[in-house]
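Produce the complete structure using the sequences and hints provided.
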Amino acid sequence: MNIEDMLAPDGIVPRLKAEDKKQALQALATKAEAATGAPAHEIYTALLQRERLSSTSLGRGIAIPHIKLPMAKAITCLFARLEKPIPFDSHDGEPVDLLFFLLAPEQAGGDHLKALARISRLIRDPATLEGLRNAKDVNELRLVLTKPLTSNAA
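The sequence shown begins at 87 in this note's numbering and counts up by one.
In case anyone wonders, no lab produced these hints; they're calculated from the structure. Each hint should be verified, as a subset may be incorrect.
Per label pair, the in silico range of CB-to-CB distance [unchecked claim]:
1) Lys222 x Gln193: 34 to 44 angstroms
2) Lys159 x Thr116: 17 to 27 angstroms
3) Glu90 x Gly179: 32 to 42 angstroms
4) Asp96 x Asp197: 14 to 24 angstroms
5) Glu192 x Arg138: 17 to 27 angstroms
Backbone N, C-alpha and C define an ideal beta-carbon position, used for all residues, glycine too.
Dropping the structure here:
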């Protein structure tokens with residue numbers, strides 16, 4: 087599964103302004119509504135419910151909020167680089183500056199897990215993280231996000 091296949095056409099936000107986790111999730115929900123047609127308030131509510139279960143922060147300034155919705159038609163990925171890092175209930179205490187948002191249909195099953203694994207492989211590479219943090223614009227971010235991986239190991 088490739089990021090470019092999941093990435094919404096306008097799914098990259100190079101400078102997301104958010105003061106806290108809720109603002110960031112609301113902005114992602116609004117962006118996801120434009121990409122998927124699913125109502126932003128339902129996306130936002132599902133994101134908040136997911137975060138109540140357990141923070142989707144992985145540490146090192148990265149979070150992957152992910153949800154399944156019945157009205158979602160396909161797995162959709164959005165990426166946002168925050169203008170300034172925000173607290174995200176991270177296990178390492180580090181604020182988050184990189185957000186990958188994954189929205190999947192309820193019946194996605196294994197494909198949802200494959201999408202999460204693909205993002206996980208991407209963010210394990212220190213050069214990729216550096217590229218995401220230093221890219222100057224949407225085009226550079228897209229190049230970093232869609233570059234081929236050297237390994238398929240999950």
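How the hints compare with the structure:
1. The given range of 34 to 44 angstroms is respected by Lys222 and Gln193, whose C-beta atoms sit roughly 39 angstroms from each other.
2. A beta carbon spacing of about 18 angstroms between Lys159 and Thr116 agrees with the range 17 to 27 angstroms that was offered as a hint.
3. At about 33 angstroms, the CB distance of Glu90 to Gly179 agrees with the hint of 32 to 42 angstroms.
4. At about 22 angstroms, the beta-carbon gap between Asp96 and Asp197 stays in the expected band of 14 to 24 angstroms.
5. Between Glu192 and Arg138 the C-beta distance comes to about 19 angstroms, which sits within the given range of 17 to 27 angstroms.
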